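Chains C and D, in that order, are what the protein sequence lines are. Going by this note's numbering, the first residue of the first sequence is number 1, and it counts up by one from there. Going by this note's numbering, the first residue of the second sequence is number 1001, and it counts up by one from there.
The hints are simulated quantities; they were obtained by calculation from the structure and are not laboratory data. Owing to the predicted nature of the structure, the values given are computational and were not obtained by experimental measurement. Each statement offered as a hint is correct.
Below, computed lysine to aspartate or glutamate pairings styled on EDC-like, alpha-carbon distance capped at 20 Å:
#, chain 1, residue 1, chain 2, residue 2
1, C, Lys32, D, Glu1140
2, C, Lys145, D, Glu1093
3, C, Lys182, C, Glu152
4, C, Lys6, D, Asp1076
5, C, Lys6, D, Glu1099
6, D, Lys1101, C, Asp102
7, C, Lys6, D, Glu1140
8, D, Lys1152, D, Asp1130
9, D, Lys1086, C, Glu105
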Amino acid sequence: MADDHKMFAQGMANILRREPDFDIVGIFTNGKQALSHIQQEEADLLITDMNMPGMDGIGLIQELKKQQTKIKIIVLSMYDDEEIFKNCVKQGVNAYVLKNADPDELVFTIREVMEKRHIMNFDHVLYQAEDNPFDHLDTYALKFKLSKREFEILRYVAKGKTNREIAEILYLSVHTVETHRKHIHTKLGVSSSAELIKKAMDMGLR
Amino acid sequence: MESNSIELFIVLLSGIFLMFIMSGFIVAMVLIHRQRQVKSRHRVELMKADYEKTILNVEKEIREETLQYVSQELHDNIGQLLSLTKLVLNNPEPSSVLEGKKLINQIIKEVRSLSKSINRDYIKDLKFEDFLKDELDKVERSGFCKTELTQKGTVMDIPDENKKLILIRLVQECLNNAIKHASPTWIKIHLEHDGPHLGLTITDDGVGFDTNTHPKGLGLINLQSRINAIDGNIYILSEPQKGTQIKMSVMV
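For reference, chain C alone in the conformation it holds in the complex (with noise of 0.2 Å):
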């Protein structure tokens, strides 16, 4: 991870760490740090903010590129800026977050980029740290555990969309949406999709 704010670097990667799969090599506060340690040591992700001290993001990234590493890119910004996004695109970044996303969101991400279905889409950016729309199901949400992602493909399964068509509406690859159902089964504990949309109905998920 590099990002100069190191409180909220620490706070992140405390975070990120809460998943067993995992595992954070190291934060630094600008992209020089950063460089050196990717060069010396492997790492598959490297996340990143754009401004930072010296070496700034875009700065590490066309470093990165030119150097040819394998190393996927998550740019975990402050920006929701569509020039910015556009750029980063263009360096060839594999995804771009905002970091008033949900957590889950991150974690879905980083999940999605090292399976290599992310799709970038600026909306999807937006969506990620828009107000949960599900608050009010904040009973079920602590109960099952489930995310605001996850509330809205239940939805949309309960309106009896296919996944293809959640896909597209989400911007979402079909196998990400796939993912997030299976997840959604277990949390739930339903073995059938008529059985989902009865959960959903019960909800109030409409």
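Given chain C's structure and the hints, the job is docking chain D onto it.
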């Protein structure tokens, strides 16, 4: 007789002629003197207007710098802390709630100190050395590079507010240059008081530049004209890859 009167006539005539020349000369002298006076008064006025313009510009730039700092702090520091709090509170475990509370306390502290930095009437309340300390702290806190402030002689404040304003802006400009172009690992400021004489040295170990090829860079001309406005001197020593040292001296 006749030749006498002719001689007298010639003498008289040349006398009158001389008198005319003399008076013409005097009139011309007076006129030239007046003109010079007007010109020099005009020049003094121009200089005064120039000085006032410098002060105004300096004030404006300091204000802009403050606004820039505030906007940056809101975005990079407070905004990020708020985002982090949101992320932390997303997890309903009690330990996360505790961490969230800690973060909110931190945010309250940051907002308070930020509001102080906007509110402070820079010139009236701030001692010059405190200003230097604050600026270097800001650089260090941003994680840009290490800084150091050293002093020699009995510290006294700068009584002339305008001089202080200009010096403050000069220091800001030098630091901005170092931050933008030099990528140093440290910046040092040395302040020297010797009676009414104030010496200020800003040194960095950054990339430096060739003073022969960059003598007319806009930033450097600006520094020069501003130090001139307060009758001070500035020397810029730099070589590529050997850092930069800017020495200023002024009577306060």
